[in-house]
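*Asks:* Using the sequences and the hints given, assemble the complete structure.
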Amino acid sequence: MAAGSKIVAIVGTDAVSEAMRQINPDLVAAYPITPQTAIVETYSQMVADGLVKSHMVAVESEHSAMSAAIGAAATGARVMTCTSSQGLALMWELLYIASGLRLPIVMPNVNRALSAPINIHCDHGDSMGARDAGWIQLFSENAQEAYDNTIQAVRIAEDPGILLPVMVLLDGFIISHSIDRVELLDDEVVANFVGEFKPAYSLLDVNNPVSVGNFDGLYGYYFEFKRQQEEAMLNSFGVIKEVGAEFGKISGRSYSLFETIGMEDAEFAIVVLGSAAGTVRHEVETMRAKGIPIGMIKLRAFRPFPARELAEAISRMKAVAVFDRSNTFAGNMGGPVFIELRSSLYDLEKKPLLVNYVYGLGGRDLSIELINKAAAELAEAARSGQVKQSINYLGLRE
Amino acid sequence: MTWDIKDIQKWDWKKHPLGAIIKDPGNSRQFKTGGWRTFRPVRDEEKCNQCLICYVYCPDSAVLARDGKITGVGYDFCKGCGICSAECPKDAIQMVDETKAKKG
Ligand code: SF4
Ligand code: SF4
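These protein sequence lines are chains H and Y, in that order. Going by the numbering used here, the first sequence opens with residue 36, and the numbers climb by one from there. Going by the numbering used here, the second sequence opens with residue 908, and the numbers climb by one from there.
For the record, the hints were derived by calculation from the structure and aren't laboratory data. Positions of the beta carbon are idealized from the N, C-alpha and C atoms, including for glycine. Heads up, a few of these hints could be off.
[Unchecked claim] Covered, in the sense of this in silico footprint (three residues per stretch, anywhere, with C-beta under 8 Å from a C-beta of chain Y), are these stretches of chain H:
#1 130-139
#2 230-244
[Unchecked claim] List of simulated lysine to any residue pairs, SDA-like, C-alpha gap at most 25 Å:
#3 Y:917 / H:245
#4 Y:930 / H:135
#5 Y:917 / H:259
#6 H:261 / Y:934
#7 Y:939 / H:258
#8 H:233 / Y:926
#9 Y:921 / H:341
#10 Y:930 / H:241
#11 Y:930 / H:262
#12 Y:986 / H:246
#13 Y:917 / H:249
#14 Y:913 / H:244
#15 H:276 / H:231
#16 Y:922 / H:268
#17 Y:922 / H:167
#18 Y:921 / H:135
#19 Y:921 / H:244
#20 Y:930 / H:195
#21 Y:954 / Y:979
#22 Y:930 / H:231
#23 H:261 / Y:913
#24 Y:917 / H:196
#25 Y:954 / Y:988
#26 H:423 / H:389
#27 Y:930 / H:131
#28 H:233 / H:106
#29 Y:921 / H:273
#30 Y:921 / H:250
#31 Y:922 / H:248
#32 H:385 / H:348
#33 H:385 / H:412
#34 H:233 / Y:932
#35 Y:930 / H:258
#36 Y:922 / H:132
#37 H:261 / Y:912
#38 Y:922 / H:267
#39 Y:939 / H:256
#40 Y:921 / H:252
*Replies:* In structure tokens:
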């Protein structure tokens, strides 16, 4: 364990607020929404207790939270906010402004299903809907990763070659409200790791005055700015890996774009992200111990989408199952991870069979039995060279 | 800081400042809006009594004046809204079809 670290038993929301306390941003603007509420509550308490120097703006909605965050970030402040589900939906138009203005705001989003019907439990429909908003999106498997990702997100967002906002994703209740073993780093170690924020521009810099959020004219340069955002996303592949490796040095926990388990000798594999990766890993390891040639990929970065590296990692497989905790309602196209992974494989000569399992919508449990059912079907597909049904709903009452 | 954007229409995507900021505030003088015009105001010097009402009313400060006298219209910025023409008490400003004005 890294010097100065301590092991605590805390829920995911506390792990995130601890990370925020150690990052100590200049400003936090947030509005409470289940299941993110505890982050805002705890952080407000920290501000009231003088544990941080952050200016806390208690706004009247998430639209205002993101607006305040954008305004503050444009002055050159280090800014954070956090939300969930409908809150993220209410931020919608501002999400694009944060990325378009290249403001490195860090926002934990506690994944929760979108209404209707009203449902407070976990699925990834909220953040998946924002996948084209120009934000980097990092998924977490547990409270530890939510803590680790929040700290790394600051460095990734503020990298001069990136300057994009980052969403840190953690599963509602499963991570946010479950007590977990979390290793917290020393305050000073985190402070040194995140360092000082050097903004690309500041509204308050009177020596270098700038005008922000301007009209692009009737025949403007919007297209050029959008191309710049794509370039920043491209740059982020390398930076996410570098920051993840550097984080490994201070914590003993290294990160990359995704993690592989048993892929070197597997014949078929499961691709999964979020908290379900923990349950899937447990089952994959159990099966591997019995000699079943199964592997697994836990996706961490969904934006940017590591298409080339993922394709490389699974190209040798006979069959791959993609687990999606959201749906695209595109007419039996499957979930977003499936669609993007399938697209990543298009140019390969030799590619695995691909099958999609949409699971866990609205917090429906992903049981061990369900994982085993999917794994058995996957093994059969690998053996027979045929997929019975491409898009499957795992755990749906049918 | 001066920021030369004369040839901005030829810039490739890498050259634009990050986040679509304007690095040299107050440079709207370089952003010519005259091309938006459908009708252009044309002043009849004979009828004009130099009351300067058009100068005061123009929302774009496009009516030009010097030493208390109207000297003309800045067609690089006049959007052709017609307010000057509507407000002129002497009916001295006619709005002329831009395509005809250009030809003629
Ligand atoms: S308002 Fe009419 S009369 Fe007065 S200065 Fe302008 S053109 Fe001349
Ligand atoms: S037409 Fe409108 S913009 Fe042009 S000079 Fe008259 S008032 Fe100004």
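*Asks:* Taking the hints in turn, state whether each one holds.
*Replies:* Verification of the hints:
1. 130-139: holds (count 4)
2. 230-244: holds (count 4)
3. Y:917 / H:245: OK: residue 917 (chain Y) and residue 245 (chain H) at ~22 Å, within 25 Å.
4. Y:930 / H:135: holds, 16 Å
5. Y:917 / H:259: The given pair, whose Cα atoms are some 11 Å apart, holds under the 25 Å limit.
6. H:261 / Y:934: This hinted pair holds, its Cα atoms lying about 23 Å apart.
7. Y:939 / H:258: Holds - the C-alpha atoms of residue 258 (chain H) and residue 939 (chain Y) are around 21 Å apart, at most 25 Å.
8. H:233 / Y:926: Satisfied, since the Cα-Cα distance of roughly 15 Å is no more than 25 Å.
9. Y:921 / H:341: holds, 23 Å
10. Y:930 / H:241: Satisfied, since the Cα-Cα distance of roughly 12 Å is no more than 25 Å.
11. Y:930 / H:262: holds, 20 Å
12. Y:986 / H:246: holds, 23 Å
13. Y:917 / H:249: Distance ~20 Å between residue 917 (chain Y) and residue 249 (chain H) Cα, so the pair holds.
14. Y:913 / H:244: holds, 20 Å
15. H:276 / H:231: holds, 20 Å
16. Y:922 / H:268: holds, 18 Å
17. Y:922 / H:167: Roughly 24 Å separates the two Cα atoms, so the pair holds.
18. Y:921 / H:135: holds, 15 Å
19. Y:921 / H:244: Roughly 21 Å between the alpha carbons, so the hint for residue 921 (chain Y) and residue 244 (chain H) holds.
20. Y:930 / H:195: holds, 18 Å
21. Y:954 / Y:979: holds, 14 Å
22. Y:930 / H:231: holds, 24 Å
23. H:261 / Y:913: holds, 22 Å
24. Y:917 / H:196: Distance of about 24 Å is within 25 Å: holds.
25. Y:954 / Y:988: holds, 21 Å
26. H:423 / H:389: holds, 11 Å
27. Y:930 / H:131: holds, 21 Å
28. H:233 / H:106: Roughly 16 Å between the alpha carbons, so the hint for residue 233 (chain H) and residue 106 (chain H) holds.
29. Y:921 / H:273: holds, 20 Å
30. Y:921 / H:250: With Cα atoms ~19 Å apart, residue 921 (chain Y) and residue 250 (chain H) stay inside 25 Å; holds.
31. Y:922 / H:248: holds, 18 Å
32. H:385 / H:348: holds, 12 Å
33. H:385 / H:412: Roughly 21 Å separates the two Cα atoms, so the pair holds.
34. H:233 / Y:932: Roughly 22 Å separates the two Cα atoms, so the pair holds.
35. Y:930 / H:258: Holds, at roughly 19 Å.
36. Y:922 / H:132: holds, 20 Å
37. H:261 / Y:912: holds, 19 Å
38. Y:922 / H:267: holds, 14 Å
39. Y:939 / H:256: holds, 16 Å
40. Y:921 / H:252: Since the Cα atoms of residue 921 (chain Y) and residue 252 (chain H) sit roughly 19 Å apart, the hinted pair holds (cutoff 25 Å).
No hint from the list above goes unmet by this structure.
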